[in-house]
Amino acid sequence: MPQVTLTVNGKPHTATVEGRTLLVELLRETLGMTGTHVGCDTSQCGACVVHVDGKSVKSCTMLALQAEGTSVLTIEGLAAADGTLHPMQEMFREHHALQCGFCTPGMVMSAIDLVNTHPQGITEQEIREGLEGNLCRCTGYHNIVKAIAAAWPLMHGKAAAE
Amino acid sequence: MGFEGIGASVRRKEDQRFLNGKGNYTDDINRPGQTFASIKRSDRPHAKILSIDTTAAKAAPGVLAVFTGADLDAEEIGGLPCGWQIHNKDGSPMAEPKHPVLAVGKVRHVGDPIAVVIAETRQQAKDAAELLVIELEDLPAVAGVRDAIAPNAAAVHDDAPGNICYDWHIGDKAMVDAAFATAHKIVRLDLLNNRLIPNAMEPRAAVGEFDVNSGDYTLYTTSQNPHVIRLLMGAFVLHIPENKLRVVAPDVGGGFGSKIYHYAEEAIVTWASAKVRRPIKWTAERTESFMSDAHGRDHDSTAEMAVDAEGHFLAMRVHTLCNMGAYLSTFAPCVPTYLYATLLAGVYKTPAIYCEVKAVFTNTVPVDAYRGAGRPEATFLVERLVDAVAKDTGIDKIELRRKNFIPSDAFPYQTPVALQYDSGDYTATLNEALKVADYTGFETRRKAAASRGKLRGIGISTYLEACGIAPSAVVGSLGARAGLYEVANIRVHPTGSVTVFTGTHSHGQGHETTLAQLVCEQLGVPMSQVEVVHGDTAKIPFGMGTYGSRSLAVGGTAMVKAMDKIIAKGKKIAAHLMEAAVEDIEFKDNVFSVAGTDKTKTLTDISLAAYVPHNYPIEELEPGLDETAFYDPKNFTFPGGCHIAEVEIDPETGVTTVINFTAVDDVGRVINPMIVEGQIQGGVAQGIGQALLEAAIYDSSGQLLSGSMMDYTMPRADNLPNISVGTEITLCTHNPLGVKGCGEVGAIGSPPAIINALVDALKEYGVRHINMPATPQKLWSIIQAGRPAMAAE
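Chains A and B are the protein sequences, given in the same order. Residue numbering for the first sequence follows this note's numbering, starting at -6 and increasing by one per position. Residue numbering for the second sequence follows this note's numbering, starting at 100 and increasing by one per position.
Because the hints were derived from the structure by calculation, they are not lab data. Fair warning: this is a prediction, and the values are worked out from it, not measured in the lab. Some hints could be false.
The calculated BS3-like cross-link candidates involving lysine-lysine, where the alpha carbons are at most 30 angstroms apart (straight line), are [claimed, not checked]:
| id | chain 1 | residue 1 | chain 2 | residue 2 |
| --- | --- | --- | --- | --- |
| 1 | B | Lys534 | A | Lys139 |
| 2 | B | Lys374 | B | Lys147 |
| 3 | B | Lys147 | A | Lys139 |
A few chain A residues that don't get close to chain B, going by computed Cβ distances all over 10 angstroms [claimed, not checked]:
| id | residue |
| --- | --- |
| 4 | Thr(-2) |
| 5 | Thr0 |
| 6 | Asp46 |
| 7 | Gln113 |
| 8 | Thr116 |
| 9 | Pro146 |
| 10 | Met148 |
Computed Cβ-Cβ distance ranges for the label pairs, DEER-style [unchecked claim]:
| id | chain 1 | residue 1 | chain 2 | residue 2 | range |
| --- | --- | --- | --- | --- | --- |
| 11 | A | Thr77 | B | Asp152 | 54 to 60 angstroms |
| 12 | B | Lys197 | A | Thr77 | 54 to 60 angstroms |
| 13 | A | Thr7 | B | Gln133 | 57 to 63 angstroms |
| 14 | B | Glu229 | A | Gln118 | 18 to 24 angstroms |
| 15 | B | Ala277 | A | Gln118 | 43 to 49 angstroms |
| 16 | B | Thr220 | A | Leu147 | 40 to 46 angstroms |
| 17 | B | Asp152 | A | Gly126 | 40 to 46 angstroms |
| 18 | A | Gln118 | B | Asp537 | 20 to 26 angstroms |
| 19 | B | Thr699 | A | Thr0 | 56 to 62 angstroms |
| 20 | B | Thr756 | A | Gly126 | 16 to 22 angstroms |
All C-beta atoms in this analysis are idealised placements derived from N, C-alpha and C, irrespective of residue type, glycine included.
Model the full structure from these sequences, guided by the hints.
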């Protein structure tokens, strides 16, 4: 079986996997990092979103072997070493943007990429459209949209608009 | 600490782990030596099983075992039990065909489990399942209720003639018929309530484990009610006594009803773990969820209202056909009866109501409770019918509602369909919603939209529901095979911190926060020193779980009762320590004091004395400060309110945009406003999903066409509006917290508000009713068909 070497949350890993192994399976089953979730089998739900070399990716759409040499960031690697939450995590908590928590890891990772890729500002409509690939069954998205809008100034170093 | 008691929007305790990817969901659990199960399911709607050849599968790499229905039969493993028995009009019990854990002789729906393969890895199990050779002989199948009751329809079960599960009714037929005979006008509407697939984001999963030395079984499962699963699976399926069976429902990623029921896979992994003497994990792929999680709703109804010349409702008559699917899921029979027909009075003083319900077996996935369960079906029917009455009589829809509301001074109010409402003020919620939605400004907005070529409409739904399920004696008399009380154990530790053990279960509702707030309020203990434990039969005395918006009304009340016992005992200890009479001891904000003196003891002083009883009334009191209460509610609770939807249709595409959605709900006392608002927003989103997007579609042969998230339209962020939530409170009169419940109101009140708004938007097109989901294609066709008529006018 082939080997894959990659960095996950700053730590190097080498694993032997079947060729058909998905990146999400490598994370959850081989590396035991169960923060990244699987909510569907058609790449619709986005619960498995991680960052690969800084870009959000549905880790169910990528083979583990395709992640060779990459740097992967998962929900477990988001908070600072001292436990301080990333601003997106903090705003999700503040605005009650999660209920059951199952879509949350993918939702937060997508939301961070969405804010990163909109340095000039982001409208509510852009947030809603930007979340096309992430399903949440609990919140009705209302508070998720609020949380992302609130995280934007924090992530871009702007004073939070009241 | 800031204020953390009742009424504070405390941020949730559980979020820390969820936001860091440290939730502990069933599929995250890995037991030493764990193996994996893959389930082979029927791809045919209805067929005879001629043979199953397991040879190749058993020989495949990594395979430990393959089991079929014959293996379970050989050990007399029971069928999956149904928890509710309905009786027919003639008093005879409903048809209750056996629901095998793995199919025996026949498969009856696409997704019916036939065999299970256990292997070292998930992939090996899946690969080997593909090697099973199963010979099936197709039988004619039925999918829709009308096809199923047609003469000579294919029989789903030999022991359910005509595919009828039950033929049930409620209400005074003679009185209703008499009112219809003399009515000024009769308004009739035929409506469908679409079939839905719950799709909690976490797929179902189960891990079964058998301890060879002790003979103990443990099941980790995605359940809303682990004690119920232990009872059903232990007593009726696997014959394992409670002391040998532990059921754990850890973090659960949403339920919406679909995780109430006892499913075959739970029994399979538990039973098989003793066969292979290794833990076994099964996790549904989403495609499996579509064809094996209980579906929701699926009603076909005719509703009629008799009115007098002034528009007063005189009587209502309803005939409903409901789809049970191929087998009876755990609580399926009660949904279209006691959770549906008893709600047909709604918020109106209709004096006579008669409803007949025929439940029908079909070759489809079993149907059971889905968020709201029965009450959305009733509300959709009533609120659509009321709008139809307004249209046919020419009376304004708001005026008509006001005219027929149960007045706020009429409580307690006995309806003609069994329920007795305790409190409510339907005018107050209506007025507030009209204000928030700027109802009076609507015609201006309609004109503005028209000038942009858009069709704007406004729809209203004034609804009521019954939750806080439920008084045991009442549900028992209605056919429930269990009591529906709740249990709480409050443990005050020696240094004054508190652990709450609750029989309810949180799968998104935020109980770890809300229930801790109750402790904060009643015992004055800060949130940081309160832990809420749920979801483990080994830790919690007993419990009936979470569904029917019951956790606070029933489970919260059990906590209040247990804390009352803590305070009562604490007063006796305090009286001893402060050398005062028990009657003179007062308790407030964590402090026991002697009335009229400055003598005080904190709860911590008392708990320490209780666990270190050196100076203690040991002759009268046992040491310790740990109390349990069982609470059986006296009545259901009756949240209600008003939902207003404002929509815009693009006539060129038929696409609906929900511009504004206003929900003003009376959910009784609110413990955590932030959480309540979130619950209502989520419920409304599911209601909008039902109204505009979602439908489980079977073709006439019983194939599920909407079998994945690519085919079934889940609401996405850009399908939904901001949802404005308000509350107007009347207190529940029969529980100490005055709470009613908020988990389901959003999904109950919203669908008719959306459809009423669409019918309003299309009023120039001669539309009387639109069945859900109101897809762009459906609306576009209505608009196209309506155009020539308009041109002719």
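*Which of the listed hints are broken here?*
Violated hints: 3, 13, 14, 15; rest satisfied.
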